[in-house]
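Engineer: Single-letter residue listing:
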Amino acid sequence: MKLRERMTGESLALVGLVLLLAFLPGLATTFFVNFVMTQTLILGLAASTIVFLAKYGGMTSLAQLLMFGIAGFMFGNAALDGGARGLKLGWDPWVAVGFAILVTTLVAFVLGAIASRTTGIYFLMLTLVYGVIGYFMFAQIVEISGPGGITNIQRPELLGPPVRLYYAGLVLSVLAYAGFRVLGRTAFGLALQGVRDDPVRMASLGFNVPLHRALAFSLAGFVAGFAGLLSVWWNGQVDPASISIGPTLILLIIAVIGGLSSLEGAWLGAFVYVLVLTYLRDLPLIDRIGITEARFNTVIGVIVLAIMVLSPEGLTGIVRRLRGRTRGGDTADAAPEPVPAPGGSLPVHTTQKELGGTRP
Amino acid sequence: MNAAVDSRSATSANRLASLRRPAVWVATAAAMAVAAWVLFLADGTPAGAAVDDPGTFLVTVLDSVTFAGLLFVAASGFTLIFGLMRTVNMAHGSLFLLAAYVAIRVQQAMVGRSRNIDPADVGMLDWLVPMLVGAGVAAVLGLLIQQVFLQWNEGQEMRQTLVTLAITVVLADQMLREFGGLAQRMVWPGAVTHFFSVMGERYAATRLFMLGIAVLVGVLLWLWLTRTSVGMVIRAGVDDRQMVRGLGINIRRVFALTFFVGSFLAGVGGVLGASFAGAAPGTDGNWLLNALVVVIIGGLGSLKGAAAGSLLYGTVVAFSPAYLPTQYSYYAIILTFGLLALVLVVRPHGLFGRAT
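Going line by line, the protein sequences match chains A and B. The working numbering applies: residue 1 is where the first sequence begins, and numbers increase by one. The working numbering applies: residue 1 is where the second sequence begins, and numbers increase by one.
Just chain A, same shape as in the assembly (with noise of 0.2 Å):
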């Protein structure tokens, strides 16, 4: 009974903030809205896609940013039509898009359907290789990129002004959100659960637990194509720097901030991480203590040693940990669920409690 009311009180909530976030350009200045908001959406959209991997596959891949790096590649190399790189087929823009998001799901596809045997870390460390081997083609093949990468993307014209790239970040957010929680409730959801659980089990059940992964990793893979669109839509420019290892780090990072177990943790994450890069050389005296922007993934890297040291989960499972105290009630309740240990080292939540309706 608690529980109901307390998933209403949740769904309540994210409603009214999606709501409070539908109307914010007319609260906020245009910088925090276009600026901070927007790239807040774009790295959570990215980084959702690790969370539902690790939460729902128990894969944690660091691949992400890759397939995040191909859309953009390729609505770069099919949309440009002039310009002195990339194949510049001058496609129509929104065939451009199609084509970005097939080739990504499809890349996606494959490279899981390799990794689909491997689990843990042996999947993390794939999935990083995996990460700067695409980094290395795309800096090294000039066909499609080279170093510099592709200059003077133009957006569609129907996202011409910048509050649109924002409005539509929202809305692609909105959906990954709704159809990753839904996607947990369907027979593919329970069954790909069933997978990160028991993998032996499943098989022996009949169910094709490499195709399992391989699916969830390419669905993870188009919605990160998303994302990667409206980043080189918002940039105006994709180059191979930008999904070098660092960032991919970084991508990685921003899912652990808000926590690997939860979905929301991913924006979560993405804005505390807009906002540290945003206004840290704002913050009084901060210089003085020897830290300038330029010493900024420090402060970063701290951060994730100290949410790790504190809490796994991040900082969702920090907040949830504090409410459980607050409330001094029920402590089974609210104990933090554990990290969905994709190692397969700690006690995981298991798919019968998944099924109860505990908050997934």
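Hints in this document: simulated from the structure, not taken from any laboratory. Any given hint could turn out to be false.
As the list claims (entries may be wrong) - Covered stretches of chain B (chain A as the covering partner; in silico rule of three or more C-beta atoms under 8 Å from a C-beta of chain A):
#, region
1, 100-114
2, 145-157
3, 173-179
4, 320-334
5, 339-345
Claimed, not checked - Some residues of chain B that are not near chain A, with every Cβ distance over 10 Å (derived):
#, residue
6, ALA27
7, PRO54
8, ALA120
9, ALA166
10, ARG185
11, ALA191
12, ILE296
13, LEU300
The beta carbon of each residue, even a glycine, is placed where N, CA and C say it ideally should be.
Using the hints, position chain B against chain A.
Structural biologist: Chain B alone, transformed into the frame defined by chain A:
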């Protein structure tokens, strides 16, 4: 090659089953096709077919073996730490780069110049001492990381991985602050910087020196692991940690020692790498990648796998630019990916790996 490795580690029943698997056939066919291409067909490539130009072929083989030596040093520490402690130390690349920077500083201090150091001014000690100092610093820092951040969450693989990733980001940023963004180079000792000829091709002796150091490291590591009692405990720990604990051995001390040695190896690799190709921001990521590729191919936690993985990966890295048609040599990186895919399709946990 893959089928052969397969058959050695499997029982005869498994061997029959694995031979029937199409993936093994695919891998064998791919290996034979590549061999045929390199030996007889490779026209229009920078190197030319091996039968026409054996000198270039031999040089490429030397390139792959010497690079494999460097890869082995970097990957052996990584895989040693994982093998015993089940810790994926993502900061391995950072330790590698830190050792390189420190060694370069020490070398500059010893030679007394900060730029344009000529190999002739560098004596053997001006290279060995900085190497030991750099590797020592990496080893101490590695030990610190293990004691402060990893010891108390033992067994939580993903958490340890994320912690070391965060450390990587911090270290990379701090090294950028301390050592700047420009590429620096460790200078080989003058005694080994000369060329000799291999079937009419010039070849740098420094690469053989590098291989010699790597072989020495490998032999010492092997002796340590197989001939000493500590090594025996470590090997037992790789196989069955609970049993080692149960025997009343102080596994904490063994863990600390392993991390120290693994980080030291990262440092040695870093100094070799900085002498071979220089050190700059980003080198840490590249060498983490190299170590990862080697252990993914060879199998995480296996020294034999690190050796096999280094050789295979070194071969692909050396051969693909030389034996791809000239206009496609930019695409060499794809072959790295092809190797990875091929090995994983045949053996998802690497050549010598075991499912964990």
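Engineer: A separate judgement is required for each hint: does it hold in the structure or not?
Structural biologist: Right, here's what the structure says about each hint:
no., hint, result
1, 100-114, "violated (count 0)"
2, 145-157, "holds (count 4)"
3, 173-179, "holds (count 3)"
4, 320-334, "holds (count 5)"
5, 339-345, "holds (count 4)"
6, ALA27, "holds, 13 Å"
7, PRO54, "holds, 29 Å"
8, ALA120, "holds, 35 Å"
9, ALA166, "violated, 4 Å"
10, ARG185, "holds, 22 Å"
11, ALA191, "holds, 35 Å"
12, ILE296, "violated, 6 Å"
13, LEU300, "violated, 6 Å"
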